[in-house]
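Make a model of the complete structure from these sequences and hints.
Protein chains: 2
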Amino acid sequence: MLKGNAIVGQSGGPTSVINASLAGVVDGARDVPGIRHVYGMRWGIEGFMAGNLIDLSAEPAETIDALRRTPSSALGSSRHKVKEPDFPLILQRLKEFNVRYFFLIGGNDTMDTIHRVTAYANSQGYDLIGVGVPKTVDNDLFGTDHTPGYGSAARYVALSALEAGRLARDMQRVDQFVIYQSIGRDAGWLTAAAALAKRSEADAPHLVYLPERVFDRDRFLADVEQAHKQYGYVSIFCGEGIKYADGTPVSASQTRDKFANVEYGAMGGSSVAMNLHRMIADRFGWRGEFQITESLCMCAIDRAVTLDLDEAYACGREAARLAGQGQGGVMVTLVRESNAPYRSTTGTAPLADVAVRAKPMPDAFINEAGNMPTEAFVEYLRPLVGPLPEFADLNYVPARAGQ
Amino acid sequence: MLKGNAIVGQSGGPTSVINASLAGVVDGARDVPGIRHVYGMRWGIEGFMAGNLIDLSAEPAETIDALRRTPSSALGSSRHKVKEPDFPLILQRLKEFNVRYFFLIGGNDTMDTIHRVTAYANSQGYDLIGVGVPKTVDNDLFGTDHTPGYGSAARYVALSALEAGRLARDMQRVDQFVIYQSIGRDAGWLTAAAALAKRSEADAPHLVYLPERVFDRDRFLADVEQAHKQYGYVSIFCGEGIKYADGTPVSASQTRDKFANVEYGAMGGSSVAMNLHRMIADRFGWRGEFQITESLCMCAIDRAVTLDLDEAYACGREAARLAGQGQGGVMVTLVRESNAPYRSTTGTAPLADVAVRAKPMPDAFINEAGNMPTEAFVEYLRPLVGPLPEFADLNYVPARAGQ
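Heads up: the sequence lines are chains A and B, in that order.
Residues in the first sequence are numbered consecutively from 1191, following this note's numbering.
Residues in the second sequence are numbered consecutively from 1191, following this note's numbering.
These aren't lab readings, by the way, just hints derived from the structure by calculation.
Some clues are possibly wrong.
Given that identical chains are not distinguished, each listed pair holds provided it fits within a single copy or across any two copies.
Straight-line C-alpha distance at most 25 Å; calculated DMTMM-like pairs for lysine to aspartate or glutamate [unchecked claim]:
hint : residue 1 : residue 2
1    : Lys1273   : Asp1365
2    : Lys1419   : Glu1236
3    : Lys1271   : Asp1376
4    : Lys1271   : Asp1365
5    : Lys1419   : Asp1393
6    : Lys1285   : Glu1252
7    : Lys1193   : Asp1245
8    : Lys1285   : Asp1255
9    : Lys1273   : Glu1236
10   : Lys1273   : Asp1376
11   : Lys1433   : Glu1558
Shown next, in the form of structure tokens:
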């Protein structure tokens, strides 16, 4: 067995449960006889290259335990993409800190980093075992049933849909529509979670637009008009990354110059919801609001799902266990063994596969009109999000005059 | 004692606890011997005028109980402002449905409605008792320590500040700033709740801008630069209603026409956060995000405070009790008897006073620089929001090479 230290880093956007995975790696590493210290990369691989390492083995056990209920990336994150010229410096740091076990918690770019760093180190005659721990609220990682972080973020979206749906229903005499913009640039998994709030045909959301389908302005306005006619108000969810057929993002600002040509330009941030809002207001003259929650769903620990926190921790522990057995070159995956009752276990996927492949929503999870997730998707998602609050439904018995 | 039916309506924007107040009125009315049926106004006073009344006494007790945990306005809301010509029709409906007890749950416009409707009815020789139940997430009602609905919405803002603050801290190598836009057009109570997330000087939020203070672009950019220098990133909260010294809303879209003149125009919704985002990006070239949650904080029952739900219910019950004792012409108020431990009771304020006066944040609750609530405000707010989650704080012990 390889003897030395372990390093663990967090990469890309945070989640509510990525620190639970960190705790899992630290706890799991204690059971690996070959691992002496567990070090943490401050600010990801960028900090590692700068020699900015911290000693996680020196943290009190209570702190490691509290990580299991602490959102965001306690080590600090980075989006630095490792390039060829970085490898010699990385190898130098590995040697300096006697690192033989290399863990990163992240998405597909991160898995690519582990893959290439370990390949380079080994090619230089330096034994290094690398294992990946999956993480992303976007749920678009290949090879795993779902990603740690997704369930909790999906719960945030589903709760927002459920609660704001009630508000939209009750305020329909004031505001005729509401638009919620969700993160998820390339995949609609998170936006689609809104469908979980729908308990009957009339319930919000009425329309859900996902990056997996081309956005068509005329079809959109027809959908909106139809929903308004049916329900009296319209609740719309949209992914930040939806695009027109020609590839133009709907988030692009669209103004007409003095020659009446349409101009596209970057706004000061994502603004799909604002653009859809404007389309509806222009066409129908309705009042409405748009909600842009951005990264709030990535850190809302008070809305985190216990199952998600536990699975994230389990993935971290499993990564350490696999490494201890010399099984590098893989990312830990979650395997759904049963849906009702829900039961999962861990598996593995080759880092090289995860690095180059994404997982958009399959066709079976989106309806034919491309404006609503299917019941099959809702069944997939339900156990990951857990039960949602139940509300009172009045019978609205008409009062009779003269009593 | 007056004998007849009671009517109750919900007015203006919803809250997470306004249905708890509704349940309180219904339950309280059962103890008033003079009240036979409790009717509900469908779609507020507008629905009442249209004869759209429902019989709440016909709802099962479990449904009324479930209202205590159901967000938004179950009766449906309206923003119709009662005008003089409406009074004869209103009186006609009161007579048709034999209504002798008149309850509305709402803000100052609503209290004005009760006041004028009862005055008109009585002036026409029709005995009517009107009592108001306070409601608004904005907390700007005169005569009450705080309003039902405020604590729960404030908790939503405080949680967002706490959780997104961690995210901003951990992502500072990627995004340099984050801006959260809160509702509250004229008063800063809700925006200010972000300050509750601050446990140390360095914690988010770093800057909080309230409608009670004039917004100055240069001072803002200087504040932002200073905070970024001190903390490495900047967390900013702003009220949707902040204005420049000349009264121009910061939410106004500001573009330069071809002669380089600044043009203001309504965007498709509030966009203070987007405009501040653009100011920072333009000046410093930083990457950041803006979060616009709008009415989500008005209906997030999963984040509601039990105290708030209980006080809202108590206000409803008290309104019925007062009416039963013939004490009309008042709004129920909340009186803080003690801060630690927190203890409150109900009181009353004349409807006429509440109707014409607002309650902006007092000077003692805003710091001298006008960019942060004071400790006095935090002490006022803390018991209304309840404890917030505690997180792990790593010691970040540097790792030593060569071990």
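Each hint tested on the structure:
| no. | hint | in the structure |
| --- | --- | --- |
| 1 | Lys1273 to Asp1365 | between (51 Å within a copy, 21 Å between copies) |
| 2 | Lys1419 to Glu1236 | between (54 Å within a copy, 21 Å between copies) |
| 3 | Lys1271 to Asp1376 | within (19 Å within a copy, 46 Å between copies) |
| 4 | Lys1271 to Asp1365 | between (45 Å within a copy, 16 Å between copies) |
| 5 | Lys1419 to Asp1393 | within (14 Å within a copy, 48 Å between copies) |
| 6 | Lys1285 to Glu1252 | neither (30 Å within a copy, 67 Å between copies) |
| 7 | Lys1193 to Asp1245 | within (17 Å within a copy, 76 Å between copies) |
| 8 | Lys1285 to Asp1255 | neither (30 Å within a copy, 65 Å between copies) |
| 9 | Lys1273 to Glu1236 | within (11 Å within a copy, 65 Å between copies) |
| 10 | Lys1273 to Asp1376 | within (24 Å within a copy, 52 Å between copies) |
| 11 | Lys1433 to Glu1558 | within (18 Å within a copy, 47 Å between copies) |
In summary, the structure is inconsistent with hints 6 and 8 from the numbered list given earlier, while agreeing with the others.
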